Amino acid sequence: MFKFSGEKFLKRDFRFYIKLFISCFELSAFTFGGGYVMISLMRKKFVEKLGWLNEEEMLDFTVIAQSSPGAIAINTTLLLGFRLAGIPGAIITVFATVLPPFLIIYALSFGYSALQYNAVFQGVMRGMQAGVAAVITDVVIGMAKSVLKNRAKAVISLVLMIGAFAAVSLFSVNPMLVIAFAAVSGLLLFRDESGEKEDRK
Amino acid sequence: MIFLQLFWSFFQIGLFSIGGGYAALPLIKEQIVELNQWLTQAEYNDIITISQMTPGPISINAATFVGTKIGGALGAVIATVGFVMPSVIIISILYAVYKRYRKLSALGSVLAGLRPAVVGLIASAGVAMVISSFFKDGTVAFRTDNMDFFAIIVFAACFYTIWKHKVNPILVISAAGVAGGVFYSVF
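First to last, the sequence lines map onto chains Y and Z. Just so you know, the first sequence maps onto residues 1 to 201 in this note's numbering. Just so you know, the second sequence maps onto residues 1 to 187 in this note's numbering.
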């Protein structure tokens, strides 16, 4: 048995591990366009659908994954694995996440140039890109709502959110700098945040 | 000793690519094209293009591709493991720290500041993707020949089904792919 968010219990049996593996494999196979897409899909699956994680943990994992070396998707999946089932969980999730791109590239390395100019393949890719853009849009709205839920901090949070977006999108600021700045702002402006009430709901 | 060298090269790429995705590109280029000359510049460009069309992190794609070319299936496994290893070590430590200290007020405040900023970062990735999907040349120019109206319709339909009906996003993305495959190869 494993304790979740103070109220939910989840049996870590064989079926749980299979489900964890399949979920991560599936997510990874559809992660077109970088680590944030993986995070968006992961949020939909593990926060919204399965309820194995809460929204704040998902955002914390994103922060840690983004500020650590390596690929964001790999880092996030490792954190998810550790959180849900310790070391065996991390082994399963990282394996499940690496496998789809590994198999695809391994297969493609023998004859990729043909595919590159194939009209149907390119069409499928463009269609999927529009779908992925829709998923990410939906996730951003959900995340923004959850961050702004706390009325007392809504104004500062909104400023940090828009500021981070503008810095990276409009002024091409390095995301690491944005993260460092937000960390300091949090330390100075959110002094009363104890973090303990997170678990109570 | 080619396997040891493969492992070590990708271990370094994994260790020094902070910030994900495109931050790794110059490192990959230095290790693969310049230092070890495992790929030519043209092959390197190809692998970047493939990475954009296939799922998964660019570095995993590069590791698998280079590994296969240099040492077959075993080479691919070794290069990939090399790249993932630094993440495994560092994230294990960071997760332990997070688990132990997240209740502390200082870390709580830092995380409270970081959460909205991260939403902003994800939003900027989302907007970049929307732009490259809606505009054929990737720049925001509202000319009818530059706008991909089919992609805009697909986007709207996908967003509506996910938002209103909570349909599994993977199903929605697949449907969008099928629609794209049919539409773009006909028109």
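Please keep in mind that the hints were generated in silico from the structure rather than gathered at the bench. This structure is a prediction, so every number in the text was calculated from the model and none was measured. We put the CB at the ideal spot given by N, CA and C, even for glycine. The reader is advised that the hints may include incorrect statements.
To be verified - Chain Y side only, calculated, beta carbon under 7 Å to chain Z, not exhaustive: (1) D13; (2) F16; (3) I22; (4) L79; (5) G111; (6) A114; (7) G123; (8) V124; (9) G142; (10) V173; (11) L187.
Said to hold, decoys possible - Covered stretches of chain Y (chain Z as the covering partner; in silico rule of three or more C-beta atoms under 8 Å from a C-beta of chain Z): (12) 61-71; (13) 158-164.
* Structure versus earlier hints - violations, ascending order -> Numbers 1, 2, 3, 5, 6, 9, 10, in rising order.
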